[in-house]
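Position chain B relative to chain A; hints supplied.
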Amino acid sequence: MKTPGAITLLELNSRVASVLGAAPGLNDVWVIGETSDLRRSGPHCYLELIDKDPDTGQPVARARATIWASRYMVIDSEFRRATGSPLASGIKIMVKCSVNYHPLYGLSLNITDVNPEFTLGDLLRRRRELIDRLTREGIIELNRRLVWAVPPTRIAVISAPGAAGYGDFINQLYTNPARLRFTTELFPAVMQGEHCAESVVDALGRIAARSEEFDGVVIIRGGGATGDLAAFDDYALAAHIAMFPLPVMIGIGHERDITLLDYVANQRVKTPTAAAEWLISRGTEALERVRVLGAALFDTVNSAIQRSHRRLENIAGSLPALAQGVLLRASQRVGPSVSQTIEMAVTNAVRHRKERLTALAALVDTLSPEATLRRGFSITRLNGRAISDSAETTSGDTIQTTLATGTITSIVK
Amino acid sequence: MSYSESLAELEKIVAELRSDSCDVDTLVARTTRAAELLDLCRKSLTATEDELRRVLETLQNPES
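From first to last, the protein sequence lines are chains A and B. Note that our numbering has the first sequence beginning at 1, numbered continuously upward. Note that our numbering has the second sequence beginning at 1001, numbered continuously upward.
Next up, chain A with everything else stripped away, as it sits in the complex (with noise of 0.2 Å):
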């Protein structure tokens, strides 16, 4: 049967296609939306753009869209220095776009223009609720009162294992200088996409069960590209953080942006090398204070011997007058064998105090850098610290030498 007029669904398609390209207000409009789904193929860019309900965020509407490369190139470097993280999907936008039909592939959104502003306030408005919420809950400062152990050397990493950060942050914490002693074990997690919080909090849990090997947590990511940072203002991350029994620090590569675990993370770090680094650094203050003390010690036990050798030297001048006294009573007494007992344990007494004294002096010559410093050693040190490697010093630093009498001060060629 055959109805008269009856058209192909090409002549159709190709009607609905005339009319929305002759139809005002759907070419150039800013549109806001939510991206999803969205991927690269070749050098083009597809994504779909959603608008949710805002009380039941099921979605209300929903268009395919396309980015092509001529615009992707430029929109999502932009993007990128805007926001600090690259077009992804599961983010609120504001694009140009027109709408395009075409009899075969349907409805899709050509953008030609993004607004990261929009993004960015909406990143920012979302963090600061849930700071705001972090923050009525009572939670929002409790990891940065903790207090590190003094120093801090076992520690609970937190990484992709065969992430370039993970590598930097290791070498740097085992070739320090100081030959400080640390122990790391690796909690592998994924540190990127849209797994990447839960991960995290997967491998904070394993930690926590452990809690008492460890002096803190490291989570640290590679530096080099822009990454997602999205996952890093998620909600569960930041509380797991907050309240997390042991400090934590994040080094999540990343120079410029903060995100919500910056808020509640006991220390934050630019990068993973920078975390090694404050490591080290708490392990240098303890040494030093370990050479202070050693210090401290040698001068007080010099002074101490000092002043029993004086009062030494004082007993000994009076002592034949004392002697004598004490000889000269006892004989009344007693007779002659027991003042030679007497003469002689004070004799002894005497004698055994000066090779007591004599054995300190030679055990305190082995705690001081004195002694090092005369057997032709010397320390050299820059801006006060002092160093073991020539590596450590750049043409043109002025370094000084400590002798064991005067010091020298020099500029490196």
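There's no promise every hint is true.
Pairwise CB distance ranges, derived in the manner of DEER restraints [to be verified]:
| # | chain 1 | residue 1 | chain 2 | residue 2 | range |
| --- | --- | --- | --- | --- | --- |
| 1 | B | D1039 | A | G406 | 23 to 33 Å |
| 2 | A | N302 | B | K1012 | 16 to 26 Å |
| 3 | B | K1012 | A | R128 | 28 to 38 Å |
| 4 | B | D1023 | A | T407 | 36 to 46 Å |
| 5 | B | A1008 | A | T407 | 31 to 41 Å |
Here are the simulated SDA-like cross-link-like pairs (lysine to any residue), alpha carbons at most 25 Å apart as the crow flies [stated by the list, open to error]:
| # | chain 1 | residue 1 | chain 2 | residue 2 |
| --- | --- | --- | --- | --- |
| 6 | B | K1043 | A | P177 |
| 7 | B | K1012 | A | P152 |
| 8 | B | K1012 | A | R282 |
| 9 | B | K1043 | A | R291 |
| 10 | B | K1012 | A | S303 |
| 11 | B | K1012 | A | Q306 |
| 12 | B | K1043 | A | N171 |
| 13 | B | K1012 | A | V150 |
| 14 | B | K1012 | A | N302 |
| 15 | B | K1043 | A | S308 |
| 16 | B | K1012 | A | S308 |
None of these hints come from the bench; they were simulated from the model. Quick reminder that beta carbons are idealized off the backbone N, C-alpha and C, glycines included.
Below, chain B alone, put in the same frame as chain A:
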């Protein structure tokens, strides 16, 4: 004995030596102990070259 325990005892000894006019025998005993503690502190903070090499090797070949 941990770094912090050694350090606490050391600080006590230094304070003791500073404050009292302790006799020579006590001085010898305290100084000997202090020298031991200083060594313990340094050893608990620093690693030998062998240890460092072992750690770095393990970290580079985590499967072995």
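Handout entry: Hints breached by this structure
Key = 3, 15
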